[in-house]
Amino acid sequence: VGFPLSNELVCVVPAWSTGCLDAGRDRGPSGLLVCGTKGRGILGGRGPPILTHQDFIAGVSEPGLPCRRSGRPSAMWSARRALPLALILLCISIGGGAAWLCEDTSTYYMPLEGLEGDVLEAAMTQIVKQEYVSLSYRSAWDSLSDLDAVPGRGGQVRMIYSSSNDTAPAQTGCPDNQCAWTREHVWPQSYGADPEDRDSGPSYSDLHNLFPVARAQNTDRSNDLFAQVASPSGTCLAEFPGCEVPAHPDAAPTTAEWENQYWQPPGDRRGDVARALFYMQVRYDGEGEANTADLRLVEEPPLNPSNEEPSTRVFGKLSALLQWHCDDPVDGDERARNDKVCRDYQHNRNPFVDDPSLAERLFGGREGVPMPSCFGLGGGGGG
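Each residue of the sequence shown is one higher than the one before, starting from 3 at the first, in the working numbering.
It is worth saying that the hints were derived from the structure and are not from the lab. Hints are all accurate, no fakes.
Each computed DSSO-like pair below joins lysine-lysine, with the alpha-carbon atoms no more than 30 angstroms apart: (1) 319 - 131; (2) 342 - 319; (3) 342 - 131.
Only a predicted model underlies this, so the values are computations on that prediction, with no experimental measurement involved.
Whenever a hint applies, use it, and build me the whole structure from the sequences.
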């Protein structure tokens, strides 16, 4: 294949593939780039047919994905539907500033249009897996020092269960366990973030699931499940008599813990926690990656995780997470963190930060799971 004279992206498919559009290098009706071969530079303009992003999937007018600007060839994403291998789209970037698919949210989520439930989840899984780069757990010290830096506070980081004004210095490690903070797995290792107990693997070091946490609070939380333990006034709910408020003497005053089994994050970080856990469910399906499991959020997970079924691991409490997603909406700090993870580190996004409505589309109406009123489904889970 020859190369174009311009700095455009070129997408190539076999000449005999069906549903291809000979549209040339142009922009489609929605303003999206049309990948083309109909001009100079590609086999003298006699190259294979081309197609738009929308028209790629299965040769019909369904959403596809944009070409990749990564500087190297790559097989593109295809929906979990029957597709001939010949329809795998190859994209090549020539010169110019490199970018990642996740940086353009207007096209990153196109395949999700009109999908619900299990089909939606399957498509989301493919999207957040594409181009994902698994980083070392050791590198998370530097990554978190950047991702959770407090603006204007010179080298200070925000800790997930602490008050917003309770910060700690950035650090590059924790020699001899002498440090102010450590790396918190919101989805615990023992519940499936490290299913084979190797201290490694994509889910073990995924930055969407890692946050700085005060060391003592990390020890106290351990692998507690998440639940609404206390009322906004700090009164223990009837289900959790004798709870501790706050969850730790140095934790934020709106935290709570019950019987070393359930943990309640600060009010202004509950949505962050919920959306991190939603992401973990859609990102990890236990397929094609070493030391990963199929992660699932449920209403009543076991209090003690079992290693007997490593292929599927459950966590929760789902109803509390859905309510927190409503009560603590996405803010600018969470969006900025998501952008940085995409651009500078893993090259994927947390879809629930970009589009909070995805939580209702995915989890809405789950049998036996009370739904928050903000979902428009009432207070009792449907079928």
